[in-house]
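Engineer: Given the sequences, and given the hints that come with them, work out the whole structure.
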Amino acid sequence: MKELPALFRVFSYLSLLTIGGGMAAFPELRAMTVDVHHWLTFPQLIHLYSLGQLAPGPNMMMIVAIGEKAGGVLGAIVVLIAFFGPTALLAFSVGRLWEHLANHPWRRSVEKGLAPVAIGLLVAGCLSIAEGVITEATAVVIAFIVFVILVRTKVNPALLVLGGAIVGCFAFYHPR
Amino acid sequence: MSDSSSVLELEVVTTPSAPRPTVPIAQIFHEFLLIGATSFGGGVLAYLRDGLVVKRRWLDDEEFVEMLLISETLPGLNATNMAILVGDKLHGVAGSLAAMAGICLPGAVIMFLAGILYRKHGGGPLAAAALKGVAAAAVGLILATAWQLGRKSLSHMYDLFFVALTILGVNRLHQSVPRVLIVVGIVAILWYRMRDKHKGTTSP
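Protein sequences, first through last, are from chains A and B. Heads up, the first sequence is in my numbering, so the first residue is 1 and it goes up one at a time. Heads up, the second sequence is in my numbering, so the first residue is 1 and it goes up one at a time.
No lab work stands behind these hints: they were computed from the structure.
Within a straight-line C-alpha distance of at most 20 angstroms, the following computed EDC-like cross-link-like pairs (lysine to aspartate or glutamate) qualify:
# : chain 1 : residue 1 : chain 2 : residue 2
1 : B       : LYS197    : B       : ASP159
2 : A       : LYS112    : B       : GLU62
3 : B       : LYS197    : A       : GLU111
Pulled from the structure, derived: some chain A residues nowhere near chain B, Cβ distances all over 12 angstroms:
#  : residue
4  : LYS2
5  : GLU3
6  : LEU4
7  : PRO5
8  : ALA6
9  : PHE8
10 : ARG9
11 : VAL34
12 : HIS37
13 : HIS38
For glycine and all other residues, C-beta sits at the position ideal for the given N, C-alpha and C.
Structural biologist: Dropping the structure here:
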């Protein structure tokens with residue numbers, strides 16, 4: 001129960017960082033949930049993020065699992081509202097304003113200027129994850145093969161993620 | 001637009017900017033629920049276009065791209081921002097809420113259950129091995145997304161400069177995302193503003 005206000009604060013803050021996609025918020029997500037509040041460990045965060053790649057719908061739904069871990073059912077609901085509420089309100093208001101801004105000269109500059117920053121944040125988030133994942137050569141090979149297949153073909157990414165799970169079972173399984 | 005309505009109720013258009021409640025809430029919720037439940041693999045946008053533009057014909061491609069541009073510029077996930085914008089267009093505030101609930105519900109329930117399962121059984125060596133493989137694949141997936149987005153929206157060397165500056169700020173200088181976002185974002189916006197002015201804004 002006592003974690004609920006902190007969950008709300010952290011996830012509404014993270015919500016506003018998701019420029020160009022959820023990955024942009026990943027470095028702060030890691031800092032807040034792992035280092036500041038200790039809701040989970042970095043390997044657990046990576047595992048949940050990876051599991052999230054197998055779920056349908058908006059791709060940051062793994063935050064629900066963090067909320068559940070830290071605060072049960074209520075935690076999950078609080079996180080969901082905090083993470084999607086603020087940006088939903090923003091999108092709603094700007095959506096209604098946007099028509100009036102259609103010919104405003106700054107609009108194009110904002111769109112153009114934020115595009116490279118959004119891609120930079122995406123790569124930055126990816127590197128932050130890679131730090132915890134790319135610890136041995138096999139992982140590099142899997143990531144590289146997935147990258148090449150996706151860039152060159154139109155395979156459903158979920159299948160490749162599933163393939164990663166199967167390869168992982170053989171490559172990383174060390175029974176005690 | 002409203003000439004095709006064969007509904008018996010009188011449709012009183014008061015102001016031009018007022019939303020036109022033409023699509024029933026239940027239909028909006030249903031369609032977004034379907035998209036939320038079937039869009040495996042992260043490509044929600046393709047599913048959105050398929051459902052909203054091709055199947056339901058609630059939007060045309062031009063409107064879809066316009067809304068996508070807003071969704072990409074604002075903070076928030078593209079999928080949920082699109083749900084808000086499309087929902088508003090179809091049925092005002094209630095439409096936005098229905099679309100949002102629909103697209104989030106399946107993934108949220110699945111991740112809720114997956115989280116519980118992970119907590120109970122995720123510690124085993126086989127689960128850890130599988131998850132490590134999934135994580136490695138996820139890294140490849142994110143890089144591919146960055147690559148494809150980059151090819152679509154970056155065209156000059158200075159675009160790459162802003163990309164590099166952002167990565168440097170977050171990963172090497174360990175600055176917080178908001179700080180990098182504000183500093184690099186403002187510099188980039190001003191840069192493009194000056195270039196557009198310099199060229200003389202003849203483009204529409």
